[in-house]
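Q: Each chain is listed here by its residues.
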Amino acid sequence: MEGTSEVLTDSRPAVFVQGAVKRYRKFGEALRGVNLRVPRGSFYSLIGSNGAGKTTLLKVIAGLISLQEGRVEIFGTTPQEAVGKGRVGYLPEHPAFFPHQTAFQQLRFLSRLSPSGETPELDDLLRLFDLHGVRDRKVKTFSEGMVQRLAIAQILLQDSELFLLDEPFRALDPPGRRALKDVLVEIRRQGKTVIMSSQDPGDVEELSTHILCLREGGVVMDKTLAEIDGEAPYEVEYREGTPPGGRTLSRIQGQEGLWRFLSELKEGGGELLSVRKSVRRNLEDLWR
Amino acid sequence: MRGLRSALGLLFRELLGENLFLFVAILLLSLFPGLLLLKEMVPGGGEQVVHPGILFALEFVPLFFLLVYGTAALSRQRERGSLSLLFTRPLKREEWLAAHWLTLMGVLLFLELTLSLSASLFLRLLFGAPWLLPLGKHLFFSLLRAGVLTSLALLLSATLSRSIASTLFLLLSLIGQLLRSGLEASASGGGFLGKVVQGLSLLLPDLSLFDRKTELLYGLPLPGEIYLSTALYALFYGGFLFFLASLLFRRREL
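Chain order of the listed sequences is V and Z. Going by numbering that gives the first Met the number 0, 267 is the number at position 268 of the first sequence; the sequence numbering is gapless. Going by numbering that gives the first Met the number 0, 253 is the number at position 254 of the second sequence; the sequence numbering is gapless.
Next up, chain V with everything else stripped away, as it sits in the complex:
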């Protein structure tokens, strides 16, 4: 029986949100009946303009705020239960540490809270995010980018199965971005689940398997990247044959449309310069 129950638990999604409604007295509805089913091992990106409800949704999943209506499950349990078992790693939008602790002391303290109580190689972790040189400096002397790196390092302290990342690339310099991307790719490779909010279409395109777009607290799109890729228009760069012209760029929807356009271009003596899918442009449109 135990085996059966284990199988049933495993078949549940990493995150299941049903009819989530969150109202604030001052700001009104932040979430309006959000439904979400995040399969295990997927990389979900939450996109949408400022105030769309991304941070609120992540906080609800992390169990930091409660809902007026609806329910949330993480691996079939409540968020609090999943957090209590150390199955969730959370990176807030504006991480804040205890200012009088050093980077090393912060990580050591947080690592002792992990369910195993084991302290991983903290120095290696600090080295990974280029913080080893400042391991004994108090966090109050850190720049915003250094605090962000330390906050990213802390999510790797415990062996979480679900990572909730609220704008993780915020304030990072290019080496920091590279290090974080490598970590996220490795997390995805290990079959762990990630939900990340982002304002950068490039990061979303590079990392995600699924994209959820929120607008004014409601879901306006929930698709896989492959589906979005299929719907994305082709960007065709060409030169007209008659009359001869300069470089022109056209956006053409669908494969059939592309073939028709290319045959017309050939017949007119035009020259094809390049064809590419503009997923990023398509994603950018979702922010509008």
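What the hints contain is simulated information worked out from the structure, not anything from laboratory work. All values reported here derive from a predicted model rather than from experimental measurement. Any given hint could be a false lead.
Claimed, not checked - Label-pair restraints from in silico Cβ distances:
#1 V:PRO114 to Z:ARG251: 15 to 25 angstroms
#2 V:ARG39 to Z:ARG4: 28 to 38 angstroms
#3 Z:GLY80 to V:ARG238: 28 to 38 angstroms
#4 Z:ARG251 to V:SER48: 27 to 37 angstroms
#5 V:SER65 to Z:ALA24: 34 to 44 angstroms
#6 V:GLY132 to Z:ALA24: 29 to 39 angstroms
#7 Z:ILE174 to V:ARG39: 50 to 60 angstroms
#8 V:PRO114 to Z:GLU78: 20 to 30 angstroms
#9 V:GLY201 to Z:LEU3: 41 to 51 angstroms
#10 Z:ILE174 to V:GLY190: 57 to 67 angstroms
#11 V:GLY69 to Z:LEU170: 37 to 47 angstroms
#12 Z:LEU243 to V:GLY69: 24 to 34 angstroms
#13 V:GLU68 to Z:LYS136: 49 to 59 angstroms
#14 Z:GLY8 to V:ARG275: 48 to 58 angstroms
A virtual CB, placed ideally from N, CA and C, is assigned to each residue, including glycine.
Based on these hints, arrange chain Z on the given structure of chain V.
A: Quick look at chain Z alone, frame taken from chain V:
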């Protein structure tokens, strides 16, 4: 329990790191009223066995300390955003609250012991007072009072903003100090106001129970029941406030 132990270490370091200079200032400030009164009253002290100024300082220290740090403890962390990193880890909010209570009480114990010992030494050297002053007895009541006030400060800090928490703390402490006189006045006056005061006295902290300055000053005997009843009051009322604080803190959105 592992969470509690780790939290204690961090909070002690944080409190000392943040406030070392202020601790020294509190110590000096708390000695000041004691010294001032000592100069005026000891020469004609008669039967006095310990000076009221020092006892006043022992009461003043926890109040001031908790007003500044106790009421800001959790509210500041919440406003800063440190709590969301903590409570997405296997750390219970009750553990965090208990760690704060123990840290604040630990620091208070240190401050009051330092103050008591320095006062005893001061009195001994200047006025030849006996070493075994009843400061120990006063310390007992003072720490019980500090325990109740610490729970009150954490209750306010867990739920309210820093400014509101400190204002309410000051107000409730003052009411608590004057509650006994209010009750006595209302008992003689009667009427609606009397009933209101009596009703409130059941809810508000009665800090006058811990005020044993008169007995200690004049060396009056204190029956064992007083020690016991005061300790029980501190245990139950302080425990009730702590329970309420953890209940509200558990539901607090971050």
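Q: So, for every hint listed, does it hold in this structure?
A: Evaluated hints:
1. Distance hint for PRO114 (chain V) and ARG251 (chain Z): a CB-CB separation of about 24 angstroms, consistent with the stated range 15 to 25 angstroms.
2. At about 34 angstroms, the beta-carbon gap between ARG39 (chain V) and ARG4 (chain Z) stays in the expected band of 28 to 38 angstroms.
3. Roughly 55 angstroms separates the CB atoms of GLY80 (chain Z) and ARG238 (chain V), a value that falls outside the hinted 28 to 38 angstroms.
4. One distance hint, 27 to 37 angstroms for the beta-carbon pair ARG251 (chain Z) and SER48 (chain V), holds here, with the actual separation near 29 angstroms.
5. At about 41 angstroms, the CB distance of SER65 (chain V) to ALA24 (chain Z) agrees with the hint of 34 to 44 angstroms.
6. Under the hint 29 to 39 angstroms, the C-beta atoms of GLY132 (chain V) and ALA24 (chain Z), about 35 angstroms apart, fit the expected range.
7. For the pair ILE174 (chain Z) and ARG39 (chain V), the supplied restraint of 50 to 60 angstroms holds, since their beta-carbon distance comes to about 56 angstroms.
8. Between PRO114 (chain V) and GLU78 (chain Z) the beta carbons are some 29 angstroms apart, a value that agrees with the proposed interval 20 to 30 angstroms.
9. Checked against the hint of 41 to 51 angstroms, the C-beta distance between GLY201 (chain V) and LEU3 (chain Z) comes to roughly 44 angstroms, which is consistent with it.
10. The hinted range of 57 to 67 angstroms is satisfied by ILE174 (chain Z) and GLY190 (chain V), whose Cβ atoms lie roughly 59 angstroms apart.
11. Distance hint check: the CB atoms of GLY69 (chain V) and LEU170 (chain Z) are about 40 angstroms apart, consistent with the given range 37 to 47 angstroms.
12. About 29 angstroms separates the C-beta atoms of LEU243 (chain Z) and GLY69 (chain V), a value consistent with the hinted range of 24 to 34 angstroms.
13. Remark: the range hint 49 to 59 angstroms for GLU68 (chain V) to LYS136 (chain Z) is upheld by a beta-carbon distance near 57 angstroms.
14. Taken as a hint, the range 48 to 58 angstroms holds for the pair GLY8 (chain Z) and ARG275 (chain V), whose Cβ atoms sit roughly 56 angstroms apart.
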